[in-house]
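Colleague: Given next are the chains, with one letter for each unit.
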Amino acid sequence: DVQMTQSPSTLSASVGDRVTITCRASQSFNNWLAWYQQKPGKAPKLLIYAVSNLQSGVPSRFTGSGSGTQFTLTITNVQPDDFATYYCQEYNSYVWTFGQGTRVEMK
Amino acid sequence: QLQLQESGPRLVKPSETLSLTCTVSSVSITTTNYYWGWIRQPPGRGLECIAVLSYSGSASYHPSLKSRLSVSVDTSKNQFSLTLTSVSAADTAVYYCARHFYGIGLESWGQGTLVTVSS
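Note that the protein sequences, when read in sequence, are chains Z and E. For what it's worth, this note's numbering labels the leading residue of the first sequence as 950, then goes sequentially. For what it's worth, this note's numbering labels the leading residue of the second sequence as 7, then goes sequentially.
Derived by calculation from the structure, the hints in this document are not laboratory data. All figures in this text were calculated on a predicted structure; none of them were measured in a lab. Certain hints may be false.
[Said to hold, decoys possible] Sample of chain E residues at the chain Z side, in silico, Cβ under 10 Å:
1. 52
2. 58
3. 111
C-beta: ideal position from N, C-alpha, C; glycine also.
One chain only, chain E, in its complex shape (with noise of 0.2 Å):
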């Protein structure tokens, strides 16, 4: 069975940098047709996609954080992580890890981590 598996500190301190690894295990993140997506959710506020990357390791980034993100693929063990420069209290989040097939949409998700900004 898919799982997704956010991991990362949940205490980032303000101008420093917001590391998140998802850990997917039952497939194989180069998949063909598999693309797999960071998306935020600010305290009692709807989602947000931030970053999306396709099986064959291209990504995208949401407008207003592409000079600050950057998403990276470690296929030898199938985990894909999220880094975010300069960080703010409107950084805070949880952060999900969530799989979409091709046509399909968002299918499976992680459970979600949240990670809090503050000094």
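So here's chain Z without its partners, still in its complex pose (with noise of 0.2 Å):
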């Protein structure tokens, strides 16, 4: 089974800042990647699919890139809203398996 390790546990960030999450996968895969922000007592919602493609209605701040086994997420001018957990997720297995998760939080 393909485990999936995120990087870091928790970042904190400013207003305007950049910021890079990692994932890194125990085995290579194609590129079917996705990146997910959830907010608390919400259901996840879909950012990136297949490593860097944007899904409809995500802002362009937010970019993935990678290929292999590592992965990233990153950030461009972090806004206010931006302020969640970030989940990685692969969907090439039969039963997908997610990252433990980044928390952003505010600095």
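Mind assembling these two chains? They're in different frames, but the hints should get you there.
Modeller: The structure is reproduced here in structure tokens:
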């Protein structure tokens, strides 16, 4: 089974900052990698699919990149609405695996 | 507009069976290239995909839950269901159903339902 490891677990940022979250897979797979944003009490929201494709309606300050076993989510010019928890997810397997999450908090 | 709605008991006793149903509106669950997932999230913790159901009706399960878990489909009601037997406190979680479009990811989610396992 693929394991997905995110880092850091928590990240402190200010409005206007650029932040990067890393997701490392235990084995290489194709580009079926997504990123989600989750706010307290809400369902996750798809931000990025297939590593680098922006889901419709998602601001362009969110970008995804990577390949093989290492992937990143970058938020450029962090906005107040971006303080949330972010998860990577592989969907190459029959049952999909999420990273453990990265909480982006206000500095 | 696609909607997914989870329903089922909110409180289950230890050793009993947890059953949830996801009702899908606006699209048939048998539509090609749609996959349907059950994802759970224990309080204060991360997301765990526990079952995936394909548009053709085949199911895959998380290895650690495979012996206790099953999913089924009712195409006449456009629903899919989850059954988890012999539950314990470790199964307390918010349970989400979600739709995955092939190659895109989980682009539609239900609101989630908190199921508590307690006597």
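Colleague: Hint compliance check: list the failing hint numbers for this structure, sorted ascending.
Modeller: Structure breaks no hint.
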